[in-house]
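Q: Sequence:
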Amino acid sequence: MAIDQATVKKIASLARIAISDAEAAAMEGELNNILGWVEQLGEVDVAGVEPMTAVIPNTLRLRDDVVDADPLTGGGRRDDVLANAPEPQHGFFGVPKVIE
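Residue numbers for the sequence shown follow this note's numbering, beginning at 73 and rising by one.
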């Protein structure tokens, strides 16, 4: 697929970039070179190559999930939290109705 000056100007217009004819001519060559590299990548034999998400093997360092590990931030403090609510309703924060 080759790109001509009209395509370069259309792309520039869609990107809201003002370019002159000389700049469009220079971009035409550059974009065609990029597309040539992409075509070369398409010719690479990748049969048997597993997809990967990173260059190096990554494993997440996870901590044990301990419920109520910290008494200040753990659960079971609904009454303390709702004490600051302007209008608690049935054990939850009461909020005004937005949609009719």
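A portion of the hints provided could be inaccurate.
What the hints assert, rightly or not - Using C-beta positions, here's what the derived DEER-type ranges look like:
| no. | residue 1 | residue 2 | range |
| --- | --- | --- | --- |
| 1 | A87 | G147 | 17 to 25 Å |
| 2 | R135 | N105 | 42 to 50 Å |
| 3 | L86 | P129 | 13 to 21 Å |
| 4 | V110 | P160 | 33 to 41 Å |
| 5 | L86 | V167 | 49 to 57 Å |
| 6 | M73 | D142 | 28 to 36 Å |
| 7 | G148 | A126 | 51 to 59 Å |
| 8 | L154 | S85 | 35 to 43 Å |
| 9 | F165 | D142 | 53 to 61 Å |
| 10 | I128 | L86 | 35 to 43 Å |
| 11 | A87 | V167 | 37 to 45 Å |
| 12 | S85 | G108 | 53 to 61 Å |
| 13 | D142 | W109 | 33 to 41 Å |
| 14 | A78 | G120 | 36 to 44 Å |
Derived by calculation from the structure, the hints in this document are not laboratory data.
Here a beta-carbon is modelled for each residue, glycine too, at the ideal position from N, C-alpha and C.
Q: Taking the hints in turn, state whether each one holds.
A: Hints, verified against the model:
Restraint check, A87 to G147: a C-beta distance of roughly 50 Å breaks the suggested window 17 to 25 Å. The hinted range of 42 to 50 Å is satisfied by R135 and N105, whose Cβ atoms lie roughly 49 Å apart. At about 40 Å, the CB distance of L86 to P129 disagrees with the hint of 13 to 21 Å. In this structure, V110 and P160 break the distance hint of 33 to 41 Å, their C-beta atoms being roughly 59 Å apart.
At about 42 Å, the beta-carbon gap between L86 and V167 misses the expected band of 49 to 57 Å. For M73 and D142, the Cβ-Cβ distance of about 59 Å falls outside the hinted range of 28 to 36 Å, so the restraint is violated. Separation of G148 from A126 is about 40 Å and departs from the stated range, judged on CB atoms against 51 to 59 Å. One distance hint, 35 to 43 Å for the beta-carbon pair L154 and S85, is violated here, with the actual separation near 56 Å.
Look at F165 against D142: about 22 Å separates their beta carbons, and that is not inside 53 to 61 Å. Take I128 and L86: their Cβ atoms lie about 37 Å apart, and the range 35 to 43 Å holds. Distance hint for A87 and V167: a CB-CB separation of about 42 Å, consistent with the stated range 37 to 45 Å. At roughly 24 Å, the beta-carbon separation of S85 and G108 lies outside the given 53 to 61 Å, and the hint is violated.
Taking the beta carbon of each, D142 and W109 are about 54 Å apart, not inside 33 to 41 Å as hinted. The beta-carbon spacing between A78 and G120, approximately 42 Å, falls within the hinted interval of 36 to 44 Å.
In this structure, the hints that do not hold are numbers 1, 3, 4, 5, 6, 7, 8, 9, 12, 13, in rising order.
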